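Going line by line, the protein sequences match chains S and D. Per the working numbering, residue 758 is the first one in the first sequence, and the count goes up by one each step. Per the working numbering, residue 7 is the first one in the second sequence, and the count goes up by one each step.
Keep in mind the hints are simulated off the structure, nothing from the lab. Predicted model, so just to flag it, every value in this text is computed and none were measured. Each hint should be verified, as a subset may be incorrect.
[Stated by the list, open to error] Each computed DSBU-like pair below joins lysine-lysine, with the alpha-carbon atoms no more than 30 Å apart:
(1) D:Lys126 x S:Lys936
(2) S:Lys924 x S:Lys907
(3) S:Lys828 x D:Lys231
(4) D:Lys149 x D:Lys126
(5) S:Lys907 x S:Lys865
(6) S:Lys873 x S:Lys973
(7) D:Lys235 x S:Lys873
(8) S:Lys814 x S:Lys936
(9) S:Lys873 x D:Lys234
(10) S:Lys873 x S:Lys929
(11) S:Lys929 x S:Lys914
(12) S:Lys814 x D:Lys149
(13) S:Lys936 x S:Lys907
(14) S:Lys1005 x S:Lys929
(15) D:Lys113 x S:Lys828
(16) D:Lys235 x S:Lys828
(17) D:Lys9 x D:Lys126
(18) S:Lys973 x S:Lys914
(19) D:Lys113 x D:Lys231
(20) S:Lys1005 x S:Lys865
(21) S:Lys828 x S:Lys814
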Amino acid sequence: MIYLTHTPKNGVPMQTKLVSSLALLAVATSAIGALGRPAATAGTISGHVTYTGTPPKMRPIDMAKEPSCAKQHSTPVMTESVVTGPANALGNVVVYISAGAQSSAPPKEAVRYDQKGCEYIPHVAVLQVGQPMGIYNDDQTSHNIHPLAKVNPEWNKSQPPGSPPIKATYDKPEFIAVKCNVHPWMHGTFAVLTTDHHALSAQDGTFSLEGLPPGKYTVTAWHERFGTQTQEVTVGGGKAATADFVFKALPY
Amino acid sequence: MGKLFAVIVAVITVISATIFMTRIWWLPTDISVLGVGIDRQMSETMISAGVLFVVSQLVLALFVWQYGDRGDGRPIKIFPGGAAPMVLFATILVGAEIVVLSLVGTKVWAGIFLSAPDPKALRIDVQAEQFAFYFRYPGRDGKFGTLHPDLIDDGNNNFFGLDPANDTTARDDIVSASLAIPVNQPILLTLHAKDVGHAFYVPELRIQQDFVPGLVIPLHFTATKVVKKEIVCTQLCGLGHYNMRAYMEVMPENQFVQWMEDQAAQQ
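Chain S on its own, in the form it takes in the complex:
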């Protein structure tokens, strides 16, 4: 607040004039703010997932028993349970808000899960409770997808080539291991979460959770082999918060 000491000309003190202009400005700004939150004021939690120690070696998958899939790969396909990147980055880590966020209705947009070249793509599919999922067989061979749910109902379904996609939804949060009853090497995960604030760390380990109102949140990071970790993060209005996770890797 700037205080002006000399007497103004028009009879209204300069002080008052300045204060009232500033007040007007403040009211106008908050009025604009109240009309609709611009993206800049919603917070982001971003971070980096890395590991210490020696991760296990990924092994080449031999698809000789399924020639129609084997010939789709010019280089051997590797197992994907541990995806690493430069500088000890860890990919395929599911990072999500486990507490502090308001619940929201599941998106109507279906998550797509492909069986292509006798692999599950993506290796980790993240979806929300109640969100639809479409499972597609893009191969020349039959698959029999078998999500090994323990909390949700367990099912498996055969899908000959050319079948329509299987529609699936899950009603309870769970990390579900997925296998194919016909091809033993196929393996994936459905990460069924209660929140739509989730991200999958990229191969360089980075992730970003956006659209978070200011508040205190619990962020959970889950990795298929190395376990689960949580952190408390506070998001201030309009500022980006960070949360880094370091997992302990073992060679076997």
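Keeping the supplied structure of chain S fixed, place chain D upon it in accordance with the hints.
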């Protein structure tokens, strides 16, 4: 009508015997040491059964032609002595043939299933599961690691349930989805099933062996040609049984040694 039937029987007999004699559809070329004996036994069986078949069918055709009911009341010839001696004659004739074939065939059978394997045979552990075969070699230390079924993790290529973290003999075990073997060397497979019954069948080797859950079954052979052949599951094991196969690659010795080194580097 009876004469027509006699002609048809004779024609069918000649055609089917010809198909077998000319070997239009026959077994694939055998590639194993004991295959020669099996094929010879197969031929002996086919010839002896075939001769009896042709003779009996042609005699049937002849009798039908000759003695078919002509509606004029003449009696039909009867086997000397009646029905009982006829049945006895047929039983002895066919029975004797079966017994002779079995006795002659036991030697070949015993060579595969009842004789001890060569003590220097290359040992390969075979696991059959729904719906693939996996093969395990002992690795540089020459020892197989212990199997822990609770550690089986197909998605991470640990099909056998090895524990390399705690079991050093398991660390160098080579696990492969293909059966690679050196040519002209005795091989000893130990077959075990992870879940239900399966079977191991390579037609070119002339051997087939069931996997029985709970048993570890030895199977030995020596391959004599450098080839790549299919191993198929011949025991219905579930919805993927039609798709259950692996490939056997018989390699020259030096190529096999190279293959083992490449595999060891990947484990």
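Status of each hint after checking the structure:
A hinted pair counts as satisfied when its Cα atoms are at most 30 Å apart, and Lys126 of chain D with Lys936 of chain S does not qualify at roughly 39 Å. Restraint check for Lys924 of chain S and Lys907 of chain S: satisfied, since their Cα atoms lie roughly 19 Å apart, inside the 30 Å limit. Pair hint Lys828 of chain S plus Lys231 of chain D holds up; C-alpha atoms about 26 Å apart against a cutoff of 30 Å. Of the supplied pair hints, the one linking Lys149 of chain D and Lys126 of chain D holds, its CA atoms being roughly 14 Å apart against a limit of 30 Å.
For the hint pairing Lys907 of chain S with Lys865 of chain S, the CA-to-CA distance comes to about 25 Å; that is within 30 Å, so the pair holds. Of the supplied pair hints, the one linking Lys873 of chain S and Lys973 of chain S is violated, its CA atoms being roughly 41 Å apart against a limit of 30 Å. Taken as a hint, the Lys235 of chain D and Lys873 of chain S pair is honoured in the structure, with Cα atoms around 27 Å apart against an allowance of 30 Å. Pair hint Lys814 of chain S plus Lys936 of chain S holds up; C-alpha atoms about 21 Å apart against a cutoff of 30 Å.
Taking the CA atoms of Lys873 of chain S and Lys234 of chain D, the gap is about 27 Å. The hint holds against a cut of 30 Å. The suggested pairing of Lys873 of chain S with Lys929 of chain S holds, with an alpha-carbon distance near 27 Å, which does not exceed 30 Å. The straight-line distance between the Cα atoms of Lys929 of chain S and Lys914 of chain S is roughly 20 Å, inside the 30 Å bound, and the hint therefore holds. At most 30 Å may separate the alpha-carbon atoms for a hinted pair to count; Lys814 of chain S and Lys149 of chain D meet this at roughly 22 Å.
As the CA atoms of Lys936 of chain S and Lys907 of chain S are separated by approximately 14 Å, the hinted pair is consistent with the 30 Å bound. Proposed proximity of Lys1005 of chain S and Lys929 of chain S is supported: the alpha carbons are some 29 Å apart, at most 30 Å. Simply put, Lys113 of chain D and Lys828 of chain S have alpha-carbon atoms about 44 Å apart, too far for the 30 Å limit, and the pair is violated. Among the hinted pairs, Lys235 of chain D with Lys828 of chain S is consistent with the structure: their alpha-carbon atoms are about 18 Å apart, no more than 30 Å.
Between the alpha carbons of Lys9 of chain D and Lys126 of chain D the distance comes to roughly 65 Å, so the proposed pair goes past 30 Å and is violated. Restraint check for Lys973 of chain S and Lys914 of chain S: not satisfied, since their Cα atoms lie roughly 42 Å apart, outside the 30 Å limit. At roughly 24 Å between alpha-carbon atoms, Lys113 of chain D and Lys231 of chain D fall within 30 Å of each other, so this suggested pair holds. Straight-line distance between C-alpha atoms of Lys1005 of chain S and Lys865 of chain S comes to about 37 Å, which puts the hinted pair past the 30 Å bound.
Between Lys828 of chain S and Lys814 of chain S the alpha-carbon distance is near 24 Å, which keeps this suggested pair within the 30 Å criterion.
In summary, the structure is inconsistent with hints 1, 6, 15, 17, 18, 20 from the numbered list given earlier, while agreeing with the others.
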